[in-house]
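There are 2 protein chains.
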Amino acid sequence: MKHAIHGVHSAAATPVTGDGTPDLKLFGDHCRRLLEDGCHGIAMLGTTGEANSFGVRQRIDLVEAAIAGGTPANALLPGTSTPAVADTVELTRHAVQSGAKGVVMLPPYYYKGVSDEGLFRFYARVIEAVADDRLRIVLYHIPQVSQIPLSHALIGRLLEAFPGIVTGIKDSSGDMNNMRAMCETFPALGVLAGADPLMLPLLRLGGAGCITATSNVRADALRIVWDGWNDPAKTEQVEAAQARIDEWRTLSNKYVQLPTIKTMLAKRRGDMAWLNLMPPLVELPEAERNDIWAQMDRLGG
Amino acid sequence: MKHAIHGVHSAAATPVTGDGTPDLKLFGDHCRRLLEDGCHGIAMLGTTGEANSFGVRQRIDLVEAAIAGGTPANALLPGTSTPAVADTVELTRHAVQSGAKGVVMLPPYYYKGVSDEGLFRFYARVIEAVADDRLRIVLYHIPQVSQIPLSHALIGRLLEAFPGIVTGIKDSSGDMNNMRAMCETFPALGVLAGADPLMLPLLRLGGAGCITATSNVRADALRIVWDGWNDPAKTEQVEAAQARIDEWRTLSNKYVQLPTIKTMLAKRRGDMAWLNLMPPLVELPEAERNDIWAQMDRLGG
Chain A
1 MKHAIHGVHS
11 AAATPVTGDG
21 TPDLKLFGDH
31 CRRLLEDGCH
41 GIAMLGTTGE
51 ANSFGVRQRI
61 DLVEAAIAGG
71 TPANALLPGT
81 STPAVADTVE
91 LTRHAVQSGA
101 KGVVMLPPYY
111 YKGVSDEGLF
121 RFYARVIEAV
131 ADDRLRIVLY
141 HIPQVSQIPL
151 SHALIGRLLE
161 AFPGIVTGIK
171 DSSGDMNNMR
181 AMCETFPALG
191 VLAGADPLML
201 PLLRLGGAGC
211 ITATSNVRAD
221 ALRIVWDGWN
231 DPAKTEQVEA
241 AQARIDEWRT
251 LSNKYVQLPT
261 IKTMLAKRRG
271 DMAWLNLMPP
281 LVELPEAERN
291 DIWAQMDRLG
301 G
Chain B
302 MKHAIHGVHS
312 AAATPVTGDG
322 TPDLKLFGDH
332 CRRLLEDGCH
342 GIAMLGTTGE
352 ANSFGVRQRI
362 DLVEAAIAGG
372 TPANALLPGT
382 STPAVADTVE
392 LTRHAVQSGA
402 KGVVMLPPYY
412 YKGVSDEGLF
422 RFYARVIEAV
432 ADDRLRIVLY
442 HIPQVSQIPL
452 SHALIGRLLE
462 AFPGIVTGIK
472 DSSGDMNNMR
482 AMCETFPALG
492 VLAGADPLML
502 PLLRLGGAGC
512 ITATSNVRAD
522 ALRIVWDGWN
532 DPAKTEQVEA
542 AQARIDEWRT
552 LSNKYVQLPT
562 IKTMLAKRRG
572 DMAWLNLMPP
582 LVELPEAERN
592 DIWAQMDRLG
602 G
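Here the protein sequences come in this chain order: A and B.
The working numbering applies: residue 1 is where the first sequence begins, and numbers increase by one.
The working numbering applies: residue 302 is where the second sequence begins, and numbers increase by one.
Isolated chain A, as found in the complex (with noise of 0.2 angstroms):
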């Protein structure tokens, strides 16, 4: 594969406790658990990861929590950045001395419609701090919730100003045209997928993977669609795991989707402590759960 980071990356969920701090220890055996369920990679403290719900110590902690329960470091792309460069500084270098394959990073956040020189300057200014060759980098495109979209422009400027150190981008606009035009336009970019049904369209338009939330409870057929996409004696069993994974996706989608994907995890590890959310996202009502937990036996668990 071309591009330095590829494959299938869980946007991996991050459980708490009752009292709203990180579980560690459920956090450990998570990623440790999900490579065993087919990923590559563990893209934790994302959206789906609630990332922006904990503090800087707390997100330094979970990173270390997974290399403790087992997950290889160069198996992690944690989500570093903040609205603030000094904060973001501190998680990047962390992630990078840590031995982490990379780190995901959202623009800032807080304003709105601010300028491709602005949002150049914030990455500039990071990835000049912790310089570090090691460090690599994936963009973070999700306007629906940063209302901070990356422009091809701002993109184009990143790769040209560091060269291997701005190795690809998690598109989470569920837009395939602007992941087409990513994949024509920035060879060098590996483009990854935020939204489970794109995993195999973007694969055959070049695409390096996926980052998603329903890998956390259906890895194994993500993994699937991943090793055979290629291979046309296997294209049947590689549709058939594509459309699975839609259907979990469909479910994960029914009510409010990162407290959804906690109620599966919840079933699926048998362990009620992944019911908790950080504020300001709720758990859901128990009906709701119910009826998850219902169509998860429907689906075959």
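Possibly wrong hints are sitting among the right ones.
[Stated by the list, open to error] For the chain A half of the interface with chain B, some residues (derived, Cβ under 10 angstroms), not all of them:
1. G20
2. T250
3. L251
4. N253
[Stated by the list, open to error] Chain B is nowhere near these chain A residues, computed Cβ spacing over 12 angstroms in every case:
5. G28
6. A51
7. S98
8. P107
9. S115
10. M176
11. E184
12. A240
The hints are simulated quantities; they were obtained by calculation from the structure and are not laboratory data.
Since the model is a prediction, treat every value here as computed from it, not as a measurement.
Idealized CB from N, CA, C, for every residue including glycine.
Given the coordinates of chain A, work out where chain B should sit on it, guided by the hints.
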């Protein structure tokens, strides 16, 4: 005045060095001069103060720099929210223990479309973790930036759960109807105008004052409005002062507002260090800067 937090507050801008760290000495001087200009308090580290572009440690350092620069701690109203409960607790606890008059708290602003229950939990967890009767909170309603409006149902619930702690709201929406409704519905809540032109109209409705950006350069006029608005003999003087504020506010909105405020401060204080901004904001182009300076001369400095 019946409200714990009332009067003219400056949404103080934060000077930064060329390498993007807070200029602590210049900030301490600025806060002290804002009091000399007529402010009752310094609402530092808000949207105008680029709070979210600074790390947790830098924000703590800035509170300490304001005090070291000669501003009494009980004139400070720092913004202490981040999207994470843990870092927000750290910043809020530091402000209270430093003797601040209160804190201004944004809701967590990463996830969009969240529930009142989730927002309530965010504030409740911070209040319960800080666990200090001296805590005074001004809620911060700025939906055009945060994308997270504070509903009246949420405000009412917070007032009921934390009487004497949740004491005010800064409304930067510019929506006079919302401010009027809050003054009528919540007599215990001190409503502070976030937009300068609404200072006088809001005081006439029973509001508690303002936290505004234009006060960085025009606090004198805001103080005239505050001191005289309820005195029929001063109506003409007060309305002239409000009109003067409005002229400056209009000028500050001619280009991108925050860089414009800093451009004004560079001229006013005679220190070009004020031109620097934190990413993702950038300085005004030279032609706009020169125009702002010429317009300041026209308005009388």
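Results for each hint:
Taken as an interface hint, A:G20 checks out: its beta carbon lies about 6 angstroms from the nearest beta carbon of chain B, inside 10 angstroms. Checking A:T250 against chain B: minimum C-beta separation of about 20 angstroms lies over 10 angstroms; hint violated. Taking 10 angstroms as the C-beta contact cut-off toward chain B, the hint placing A:L251 at the interface is violated, the least distance being around 20 angstroms. Restraint check, A:N253 versus chain B: the minimum CB separation of about 14 angstroms is more than 10 angstroms; hint violated.
A:G28, annotated as away from the interface, keeps every beta carbon of chain B farther than 12 angstroms; the closest lies near 19 angstroms. Consistency note on A:A51: stated as away from chain B, yet its beta-carbon is not over 12 angstroms from all of that chain's, at 8 angstroms minimum. Once the 12 angstroms rule is applied to beta carbons, A:S98 is consistent with being away from chain B; the minimum gap is 19 angstroms. Not every CB of chain B lies more than 12 angstroms from the CB of A:P107, the least distance being 7 angstroms, so the non-interface label is violated.
A beta-carbon of chain B is positioned within 12 angstroms of the beta-carbon of A:S115; the least distance is around 6 angstroms. Taking the minimum C-beta to C-beta distance to chain B, about 23 angstroms, the non-interface status of A:M176 holds against the 12 angstroms cut. Chain B leaves A:E184 outside its interface by the beta-carbon criterion, the shortest separation being 28 angstroms against a cut-off of 12 angstroms. No Cβ of chain B approaches the Cβ of A:A240 within 12 angstroms, the least distance being about 34 angstroms, so the stated non-interface status holds.
Of the numbered hints stated above, those contradicted by the structure are hints 2, 3, 4, 6, 8, 9, listed in ascending order.
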